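Participant: Under my numbering, residue 236 is the last one in the sequence shown; the count climbs by one each step, no gaps.
Hints should not be assumed to be uniformly reliable.
[To be verified] Capping the alpha-carbon separation at 30 Å, the derived lysine-lysine pairs in DSS-like fashion look like this: (1) Lys-21 - Lys-183; (2) Lys-130 - Lys-21; (3) Lys-39 - Lys-77; (4) Lys-21 - Lys-74; (5) Lys-122 - Lys-183; (6) Lys-21 - Lys-56; (7) Lys-216 - Lys-122; (8) Lys-130 - Lys-84; (9) Lys-122 - Lys-74; (10) Lys-74 - Lys-39; (11) Lys-39 - Lys-122; (12) Lys-122 - Lys-84.
[Stated by the list, open to error] Across the chosen pairs, the derived CB separations fall in these ranges: (13) Glu-180 - Arg-92: 25 to 31 Å; (14) Arg-92 - Gly-201: 29 to 35 Å; (15) Arg-92 - Val-169: 16 to 22 Å; (16) Ala-155 - Gly-201: 25 to 31 Å.
Calculated from the structure, these hints are not laboratory results.
The structure displayed is predicted, hence computed values, not measured ones.
For each residue, glycine too, the CB sits at the ideal point set by N, CA and C.
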Amino acid sequence: MASIYLYAVAVKNMRGVLYSRSSASELREKARWLARRFRYRSIGVTKWLLREYSDVAELRRRPFKAIKPPTAEAKRVLEAAGRLGPAVEHAVAASLYVSPLIIAGEEGLGELKPYVVAEVKCSRELSDREWRLHFRIADYAVLDMAEWAIESTIRAIEAVRSGGGLSEVVEERKARVQRDLRRYWRISEEEGRTVVAYIDLLAACRKLPLDLEWATPALSVVAAVIV
Numbered sequence: 010m011a012s013i014y015l016y017a018v019a020v021k022n023m024r025g026v027l028y029s030r031s032s033a034s035e036l037r038e039k040a041r042w043l044a045r046r047f048r049y050r051s052i053g054v055t056k057w058l059l060r061e062y063s064d065v066a067e068l069r070r071r072p073f074k075a076i077k078p079p080t081a082e083a084k085r086v087l088e089a090a091g092r093l094g095p096a097v098e099h100a101v102a103a104s105l106y107v108s109p110l111i112i113a114g115e116e117g118l119g120e121l122k123p124y125v126v127a128e129v130k131c132s133r134e135l136s137d138r139e140w141r142l143h144f145r146i147a148d149y150a151v152l153d154m155a156e157w158a159i160e161s162t163i164r165a166i167e168a169v170r171s172g173g174g175l176s177e178v179v180e181e182r183k184a185r186v187q188r189d190l191r192r193y194w195r196i197s198e199e200e201g202r203t204v205v206a207y208i209d210l211l212a213a214c215r216k217l218p219l220d221l222e223w224a225t226p227a228l229s230v231v232a233a234v235i236v
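Turn these sequences into a full structure, and let the hints guide you.
Facilitator: This is the structure we're talking about:
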């Protein structure tokens, strides 16, 4: 029971889950950049990230906070996701913590491209004020879609169990995400680098232990902010 309580506290205070494929020096700079902007809310870091970047001391200081699966079932789901690669594992972790995925460096988005269903592009540098605003917007986006995404995931899992396909639910989720892009009207452009990507892991559902209750919240739609 205590672990669930601590999980609830972590969800409430978390601004995102961090992932990176950048060099240690680049991640160090990104971590410092994030620390200046998130003084009062935490950013989750996984065991994989702490191990992979063991020499980036910034990841062991506030606002970064080590996260772990809240239950044995959630751990099994994350381990299954990890077999699909660390990027998928981190997207699942963000989904479980009802938080955006924060990707430090554009390299980190590459592994998730098969699951990207929409992108927000911008050709200019965002101001600090714009970054803060759009971090909040991405946070709201994940939270606002969470209940709907879980309900649609339940329908998808039921379809898989009965031998059906995912196409109907996948298209429904894509349509919902396209409508959600209006949140970013202040910065959205036709060209430029990707600053927000919506990731839908539903296509990977057959590779997760669907018999576990925690598989459902693991397959939400995640907004990833690329810094």
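Participant: Hint by hint, where does the structure go against what was stated? Just the numbers, ascending.
Facilitator: 8
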